[in-house]
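The task is simple: from the sequences and hints, build the whole structure.
For the sequence shown, my numbering gives the first residue as 1, with consecutive numbering after it.
FYI, nobody ran anything at the bench for these hints, they're computed from the structure.
Computed from a predicted model, the values in this text were never measured in an experiment.
Hints are not guaranteed to be accurate.
[What the hints assert, rightly or not] Under the rule of at most 30 Å between Cα atoms (straight-line distance), these lysine-lysine pairs were calculated in the DSS-like manner:
| # | residue 1 | residue 2 |
| --- | --- | --- |
| 1 | Lys91 | Lys152 |
| 2 | Lys162 | Lys173 |
| 3 | Lys63 | Lys152 |
| 4 | Lys46 | Lys162 |
| 5 | Lys46 | Lys173 |
| 6 | Lys46 | Lys63 |
| 7 | Lys162 | Lys63 |
| 8 | Lys162 | Lys152 |
| 9 | Lys173 | Lys63 |
| 10 | Lys152 | Lys173 |
| 11 | Lys46 | Lys91 |
| 12 | Lys63 | Lys91 |
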Amino acid sequence: MSRCWCVNGGARGGALEPNIWALQRKTVDPDPQSVEEADQIYLLMKEDYRISRNVRLAWFLSKLNQSIRPASPSELQTSENELDLIAVHPKGWQPESPPTTDPCTLMPSTRATFLARRYRFIIELDLSPSTGIVDDSTGEMIFDEVFHALSKCLAGLAQPFKVPGTDQLFRPKIFITILVYSSIIGLTSPQVRFSSVFQSFRASSAKVSHL
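Here it is in structure tokens:
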């Protein structure tokens, strides 16, 4: 017989439903030093398989009201963990603040952002006959504007970036599928038609610049 339970003591739909406020009463080990509260944290998920929301929640609850600090670059390279903490922002953190590895206390109000090592995007382009008209505000065909927007989108997705609060460049694997809709594709049926231009194309700055 299967059982589903909640931290607050009630079962509902088989989902784990924690009572964060009740967990504030959790015993905290005394710390002689004053540690700032964490306002936001960033965690990197393992690539081999999908990390479920239950696993993410379990990590958060296991660290609640405890001192946490981000892993070093060398630790990340050799880590076998499902979740690795890569950045911690104390309250009052600003984008211009220098990177820090100082510990902070994980609070119920701390915001957590989970980053994956790979992402998949599906982009649909509307290339119906109506895109062949000229946009009065720009003087360009809407058809051309669609591809200008697509070019900027792909360039942005392929661009590596720094995780806020660190000086490490983050380069996730980006896989893109592009579908094109046009009412003139396949004239044998009046149904909506989609044609695949790229299927699971791995985007990189070099590849995108040659498209």
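Hint by hint, here is what the structure shows:
1. For the proposed pair lysine 91 and lysine 152, the alpha carbon gap of about 34 Å is over 30 Å, so the pair is violated.
2. Restraint check: the Cα-Cα separation between lysine 162 and lysine 173 comes to about 15 Å, which is no more than 30 Å; the hinted pair holds.
3. Pair hint lysine 63 plus lysine 152 does not hold up; C-alpha atoms about 40 Å apart against a cutoff of 30 Å.
4. A threshold of 30 Å between alpha carbons decides the hint, and for lysine 46 with lysine 162 the separation of about 19 Å falls inside it, so the pair holds.
5. Note on lysine 46 and lysine 173: the hinted pairing holds, with a Cα-Cα distance of about 13 Å set against a maximum of 30 Å.
6. A distance of roughly 18 Å separates the Cα atoms of lysine 46 and lysine 63; the hinted pair therefore holds under the 30 Å criterion.
7. Restraint check for lysine 162 and lysine 63: the C-alpha separation of about 25 Å stays at or below 30 Å, so the hint holds.
8. Restraint check: the Cα-Cα separation between lysine 162 and lysine 152 comes to about 19 Å, which is no more than 30 Å; the hinted pair holds.
9. For the given pair, lysine 173 sits about 29 Å from lysine 63 by alpha-carbon distance, which is consistent with the 30 Å threshold.
10. Among the hinted pairs, lysine 152 with lysine 173 is consistent with the structure: their alpha-carbon atoms are about 18 Å apart, no more than 30 Å.
11. As the CA atoms of lysine 46 and lysine 91 are separated by approximately 27 Å, the hinted pair is consistent with the 30 Å bound.
12. Proximity of lysine 63 to lysine 91 is assessed by CA-CA distance (about 18 Å); at most 30 Å being required, the pair is judged to hold.
Hints 1, 3, counting from the list given before, are not met by this structure.
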